[in-house]
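*Asks:* Could you build all of it, start to finish, from the sequences and the hints given here?
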Amino acid sequence: MIFIFWAALAYVLGSIPFGLVIAKTLCSIDPRLDGSKNTGATNVARLCGTKYGIATLVMDVFKGFLPVIFAAAWIESDMALSLVGLAAILGHIFSCFMHFKGGKAVATTVGVFFALAPWAAALSGILCLGVVWLSGHVSMGSLTLALALPVFTALTGHFGTVPVALIVMVILFWRHKDNIRRLARGEENPWLKKE
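For any residue, its number in our numbering is found by taking its place in the sequence shown, counting from 1, and adding 84.
Derived by calculation from the structure, the hints in this document are not laboratory data. Incorrect hints may appear among the rest.
[What the hints assert, rightly or not] With a straight-line Cα cutoff of 30 Å, these simulated BS3-like cross-link-like pairs (lysine-lysine) come out:
1. K121 x K185
2. K108 x K185
3. K135 x K108
4. K121 x K108
[Said to hold, decoys possible] What follows is a set of in silico ranges between Cβ atoms, one per label pair, in the way DEER data are often shown:
5. F154 x A206: 16 to 26 Å
6. W158 x G270: 42 to 52 Å
7. F154 x I251: 16 to 26 Å
Everything numeric in this text was worked out from a predicted model, so none of it was measured. For every residue, glycine included, the Cβ atom is placed at its ideal position computed from N, Cα and C.
*Replies:* Here's what the structure looks like:
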């Protein structure tokens with residue numbers, strides 16, 4: 085019963101579309117209708133400015149982190165705690181506040197794994213940022229993060245979390261399928277302009 089409570093709470097918290105709220109409230113733009121048509125931090129930053137993108141990023145990270153870190157006081161099983169985190173991620177993707185549509189859940193995933201396996205999240209995040217810097221593409225960094233998380237989760241000894249890390253990897257690749265196609269065709273717009 086405790087698990088169901090925390091999973092449901094994580095889903096609802098994960099469903100809050102902070103990018104949409106920030107963009108519509110502070111810069112009168114609906115990110116679902118412009119740019120990449122995504123409510124995530126990258127699109128909000130492009131449409132509204134860097135500070136709004138950072139605010140979206142922080143809020144999306146925390147909505148993954150907080151339910152897991154609080155649930156850890158009640159739930160001992162790594163697998164069950166991982167499923168609470170997965171509920172937050174699924175909330176972001178299938179938001180009950182946006183007719184079960186949503187974003188790609190990269191920032192929320194980072195928040196979840198900082199609560200579950202902080203070293204794995206940190207190492208994966210460093211790799212992600214490195215790839216973004218070298219390639220100029222946030223999507224390539226996100227895909228690198230997706231691949232790295234299960235590896236570093238296992239290497240840091242969080243074996244009960246590995247199955248969910250693998251599920252999340254598949255989900256992130258699925259959510260980035262259009263980006264993968266554009267990358268393959270050389271049509272993906274870079275976030276950072278490389279000389």
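*Asks:* Evaluate each hint against the coordinates.
*Replies:* Status of each hint after checking the structure:
1. K121 x K185: 12 Å, holds
2. K108 x K185: 17 Å, holds
3. K135 x K108: 14 Å, holds
4. K121 x K108: Roughly 13 Å between the alpha carbons, so the hint for K121 and K108 holds.
5. F154 x A206: 16 to 26 Å: Holds, since F154 and A206 (Cβ atoms, about 21 Å apart) stay within the stated range.
6. W158 x G270: 42 to 52 Å: At roughly 49 Å between Cβ atoms, G270 and W158 fall inside 42 to 52 Å, so the hint holds.
7. F154 x I251: 16 to 26 Å: 22 Å, holds
Violated hints: none; the structure is consistent with every hint.
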